[in-house]
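Asker: The primary structure of each chain is shown beneath.
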Amino acid sequence: MQFTRRDTLVMGAGAAVATFMPLQVFADATDDVSAEFAMGETITDGGVEITAPEIAENGNTVPISVNAPGAVAVLILATGNPSPKVIAFNFGPRAGASSASTRCRLAGTQDVVALAKMADGSVKRASATVKVTIGGCGG
Amino acid sequence: MADNVKPRVRVPRSAAAGEAFEIKTLISHKMESGQRKDSDGNPIPRSIINHFSCDFNGENVIQAALEGAISTNPYIQFEASIEESGTFTFTWQDDDGSEYTDSKDIAVG
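First to last, the protein sequences are chains S and U.
Position 27 of the first sequence, counting from 1, maps to 27 under this note's numbering, and the rest follow consecutively.
Position 45 of the second sequence, counting from 1, maps to 45 under this note's numbering, and the rest follow consecutively.
Fair warning: there could be bad hints in the mix.
[What the hints assert, rightly or not] A short, non-exhaustive set of chain S residues, derived as facing chain U with CB atoms under 10 Å:
#	residue
1	N60
2	S99
3	A100
4	C104
[To be verified] Where chain U lies over chain S, by a calculated footprint (3+ residues, C-beta under 8 Å):
#	segment
5	69-83
6	90-96
[To be verified] Using C-beta positions, here's what the derived DEER-type ranges look like:
#	chain 1	residue 1	chain 2	residue 2	range
7	S	D7	U	D40	36 to 44 Å
8	U	N50	S	A35	18 to 26 Å
9	U	E19	S	E41	27 to 35 Å
10	S	G70	U	S39	48 to 56 Å
Derived from the structure by calculation, the hints contain no laboratory data.
Keep in mind it's a predicted model, so treat the numbers as computed, not measured.
Yeah, the Cβ is synthetic: ideal placement off N, Cα and C, and Gly gets one too.
Just need the whole structure built from these sequences, with the hints factored in.
Answerer: As C-alpha cells, then:
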C-alpha cells in the first residue's frame, strides 16, 4: 500500500490528537484540584520555587523539592498523571523553613506544579517541566 | 499491615537554638498506587501510606498528605527549628489503618 503525502499528513494529525487528548483531560483535573486548594483566591505566579530534574530517566522516582518562604501549606501536582495530586505539606510552628523534598512517580513527560498558600491566604504557583524516559505508572 | 515496614530517620544529635536544620525520613513501603493492573488485567488495590507527621515536644513541625503518586519507600525531607532539647516523634499512617512511629532525641547547645 502506498501513502500519498496527504494521507501521511492526516495520519500524523490523528496521532497527535490521540496523544494529546488524555493529557487534556488530566489538565482539567489539575485545574479542579488547584481551584479547591486556592479556595476562591486568585493564583499568582512566582514566590515559590520548585526544583525537579529536567530529564528523569525513571518516572518511578523523580526527586522534587519545593521552597516557598512564608507558606503555611504547599500542594504538589503532576499535571499529566491519572490523578494529579502528589503530596500536600502543612508546615507547623516548629518548621524551620517552608521547604520540603520528596520523590514521586510521573506517568510521562509533563509539568509539575507547586501551589503554596501563604499566611495571608494568597496562593502562589510555580511549575517545572520534567521529561520522563520511562513512565512510572506501570502497565 | 504491609510487610517489612521499617522507618528510618536522620536527625542531628544537637542543634543551635532557633536555627533551622534538616531532617530526612524514609520508610520502606511498597506504595501500591492503585493504578496498576495484575497479569489478568484486574486493578491492584491501592495500599499506600497516606499521612505523615512530625512533632517536636507535642508541637507540630510538618504534616504531609501522601497520594498514590509518591514513590515506593516514601522519602520526605524538611527543616525544623527548635528552642530547647527534646524529642521528635514521627508518625506514618497506612491505608490499612496501621500506624508506624519512630522518635529521636536532640539536644540544644
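Asker: Next, verify each hint and record whether it holds.
Answerer: Now for the hints, and whether the structure bears them out:
For N60 (chain S), the interface hint holds, the least distance from its beta-carbon to any beta-carbon of chain U being 6 Å, beneath 10 Å. The criterion of a C-beta within 10 Å of any C-beta in chain U is met by S99 (chain S), whose closest approach is roughly 6 Å, and the hint holds. The interface hint given for A100 (chain S) holds, since its Cβ lies 4 Å from the closest Cβ of chain U, which is under the 10 Å cut-off. For C104 (chain S), the interface hint holds, the least distance from its beta-carbon to any beta-carbon of chain U being 5 Å, beneath 10 Å.
Counting residues of the segment 69-83 of chain S whose CB falls under 8 Å from any CB of chain U gives 4; the rule of at least 3 is met. With a threshold of 8 Å between beta carbons, the proposed coverage of the segment 90-96 of chain S by chain U holds, since 7 of its residues qualify and at least three are required. Under the hint 36 to 44 Å, the C-beta atoms of D7 (chain S) and D40 (chain U), about 39 Å apart, fit the expected range. Judged by the Cβ atoms, the range 18 to 26 Å given for N50 (chain U) and A35 (chain S) holds: they are separated by roughly 22 Å.
Checked against the given bound of 27 to 35 Å, the beta carbons of E19 (chain U) and E41 (chain S), roughly 32 Å apart, stay inside it. Take G70 (chain S) and S39 (chain U): their Cβ atoms lie about 49 Å apart, and the range 48 to 56 Å holds.
Hint compliance for this structure: no hint is broken.
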